[in-house]
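Undergrad: In UniProt numbering, the protein residues as written are 1 to 537.
Read the hints as simulated data drawn from the structure, not as lab findings. Some clues are possibly wrong.
Unchecked claim - Dumping the calculated SDA-like pairs for lysine to any residue here, alpha-carbon to alpha-carbon at most 20 Å:
1. Lys265 x Gly372
2. Lys74 x Leu268
3. Lys135 x Lys74
4. Lys354 x His382
5. Lys486 x Lys354
6. Lys445 x Ala110
7. Lys265 x Pro208
8. Lys463 x Ser478
9. Lys117 x Tyr356
10. Lys121 x Val48
11. Lys445 x Ser105
12. Lys486 x Lys74
13. Lys463 x Gln450
What the hints assert, rightly or not - Label-pair ranges, simulated between beta-carbon atoms:
14. Lys216 x Ser383: 33 to 41 Å
15. Thr396 x Ser72: 32 to 40 Å
16. Val220 x His382: 48 to 56 Å
17. Ser362 x Arg164: 32 to 40 Å
18. Val220 x Pro411: 53 to 61 Å
19. Gly134 x Ser383: 41 to 49 Å
20. Ser257 x Asp107: 48 to 56 Å
No residue lacks a Cβ here, since even glycine has one placed at the ideal position from N, Cα and C.
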Amino acid sequence: MKLLDRIKGVGRALRSGTVLSGVSTRPTARMLRDSKSGVLAAQQVSIVDNREEIRRSWRRAAAYALDFIQNSGKLKGACDQVLVDTVGVELVLQPQPELAELGYSPDEVAALVAQIKREWKRYAWNPRECDMRGKFTLPQLVDIGLRWYMAYGEITGILDYMPRAKRRAKGIRTGLKVCMTPPSKLVQDTNEFENLFQGVYHDEDGSPIGYLFEEKVNGVTQKVRYPAFDAEGRPIVLHLFDPTDATDVRGISVLSSAIRKHAQKEVLDEATLQTAILQTIFAAVLTSENPSKDAFEALEALEDGELRDEFVGFLQAKMDKARESTIGINGTPTVAQLGPGEDLQFRTSATPGKEYLPFASSLDRETARAIGITYSSYAMDHSDATYSSVRMENATIWPIAVRRRERLAAPMLQAVYESWFDEMVGEGRIKLKVSYEVFAANREKFTWAQWQGPAAPTADDYKSERAVSERLANGTSSIAIEGGLKGIDTDELFNQQLREHQRYVANGMRSPYERPNQPPLPVDDPPDDNQKKKAAA
């Protein structure tokens with residue numbers, strides 16, 4: 001063979017990917033490069049419009065979520081944990097009116113804020129005043145909304161107004177009523193010609209202008225349209241959800257991404273339990289050297305009749321002896337003598353195995369992450385927890401709870417508060433220095449407020465309080481900031497401390513609010529100063 005032909009042969013071998021080349025495919029470097037096993041090619045995916053995907057899956061996801069929550073103590077506890085982390089007992093109203101340019105002094109603003117807080121407490125904690133059905137307080141209605149958010153992915157309700165005549169008949173004062181309506185009553189109808197998508201009407205800019213609810217009127221189910229806002233821009237329909245896309249119209253259950261994992265966990269638990277029960281039932285094994293049926297048939301075939309009779313008599317004596325004893329493995333333990341050649345053994349259950357806990361924990365972690373709570377609070381498993389791990393858990397999850405509060409619970413209360421404040425001013429139960437027309441023109445300046453929730457959990461209260469003291473001493477924080485983080489109304493705290501301090505000092509007792517390394521708090525006109533003033537006069 002010529003040298004040129006040999007070179008060409010090697011080249012062809014290299015191109016064909018034989019042993020000479022060392023590789024079977026051409027090397028590539030690109031995004032989403034698949035592995036040799038084709039794991040990416042096995043996943044059939046496509047790009048879909050998120051709101052269309054929500055519309056397609058909404059009812060099924062809600063049905064699964066409701067069923068799992070109702071039949072799982074772990075998920076029920078997770079929902080309770082979401083409520084506790086988000087609102088605690090209640091979200092505390094902190095009015096922040098900006099009234100300086102309307103002629104209000106700081107003292108007048110403080111007096112107005114104090115009056116608003118008192119009236120709001122009376123309204124929010126009286127079911128007959130705040131609830132259209134007269135059953136639940138406003139904090140309870142917020143809890144209901146958050147439970148709907150877990151199952152349906154959204155909160156819906158209607159702000160209605162009760163006429164004065166009906167209020168007088170019922171003996172109540174406030175006309176504004178909150179009527180919480182399940183998201184399942186917001187229809188799934190879609191009509192592009194009417195700009196109706198999944199029960200929500202939109203204008204040409206994509207803003208919601210109306211909602212279509214299913215209601216029973218005289219026993220007949222009808223579809224009723226409600227406007228999103230009234231003529232003065234006040235909300236009529238409450239519709240809150242956490243969007244994924246800018247074009248989203250409805251929310252979807254928080255559990256939608258964890259439904260498959262939770263179902264797998266239930267299957268794992270059921271299979272593990274059934275296997276363990278089966279192994280426990282058949283855990284007692286009795287072995288015997290006594291011959292079987294085939295052995296007795298072989299004895300009948302012996303030619304020596306005398307030997308056969310003796311051997312059968314021997315076996316009969318052993319069985320008679322065994323018949324006299326009993327084996328008790330029920331609730332009444334008994335100790336008996338076994339027959340000759342018999343052995344009773346107890347087998348231990350081999351289920352669950354050593355792989356059960358790691359795999360079950362992995363499934364629980366994924367579900368807890370989808371819900372937005374810590375794994376420890378979801379599974380109640382603190383076996384491997386340390387101080388550092390608990391702090392990192394709280395540091396990671398707590399911002400999610402605060403975000404949930406600011407996106408869902410606070411906007412719901414703010415909408416109710418704005419309409420309530422409008423009614424209180426319009427009916428003269430809260431007096432302002434300005435007319436109602438001026439208030440209506442500056443409604444946002446009067447109704448701006450913040451909502452304080454519970455404090456973040458701590459792994460070590462002593463260390464956390466030392467950190468607060470250091471921040472205050474270094475000037476990197478304030479009482480208002482630290483009180484807000486703890487869910488404390490700092491104005492109420494100050495007034496309460498001032499009253500208690502003056503009471504202790506007036507009765508000649510040491511005030512608990514005197515700092516050990518600081519001079520005592522000043523007292524208005526102490527007795528010694530009064531005597532000196534009289535003597536000087």
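Undergrad: Next step is simple, just say for each hint if it's right about the structure.
TA: Checked hints:
1. Lys265 x Gly372: Holds, at about 18 Å.
2. Lys74 x Leu268: Given that 20 Å is the threshold and the Cα spacing comes to 15 Å, the pair holds.
3. Lys135 x Lys74: 28 Å, violated
4. Lys354 x His382: Roughly 19 Å between the alpha carbons, so the hint for Lys354 and His382 holds.
5. Lys486 x Lys354: 42 Å, violated
6. Lys445 x Ala110: 15 Å, holds
7. Lys265 x Pro208: Violated, because 40 Å separates the two Cα atoms, which is more than 20 Å.
8. Lys463 x Ser478: The hint holds at about 18 Å.
9. Lys117 x Tyr356: 53 Å, violated
10. Lys121 x Val48: It is violated: about 47 Å lies between the C-alpha atoms, which goes past 20 Å.
11. Lys445 x Ser105: 15 Å, holds
12. Lys486 x Lys74: Given that 20 Å is the threshold and the Cα spacing comes to 28 Å, the pair is violated.
13. Lys463 x Gln450: 28 Å, violated
14. Lys216 x Ser383: 33 to 41 Å: Distance hint for Lys216, Ser383 is violated at roughly 51 Å.
15. Thr396 x Ser72: 32 to 40 Å: Given a distance of about 24 Å, which is not inside 32 to 40 Å, the answer is violated.
16. Val220 x His382: 48 to 56 Å: Holds: the Cβ-Cβ distance is about 54 Å, inside 48 to 56 Å.
17. Ser362 x Arg164: 32 to 40 Å: 60 Å, violated
18. Val220 x Pro411: 53 to 61 Å: For Val220 and Pro411 the Cβ distance comes to about 34 Å; the hint is violated.
19. Gly134 x Ser383: 41 to 49 Å: Cβ of Gly134 to Cβ of Ser383: about 47 Å, so the range 41 to 49 Å holds.
20. Ser257 x Asp107: 48 to 56 Å: At roughly 52 Å between Cβ atoms, Asp107 and Ser257 fall inside 48 to 56 Å, so the hint holds.
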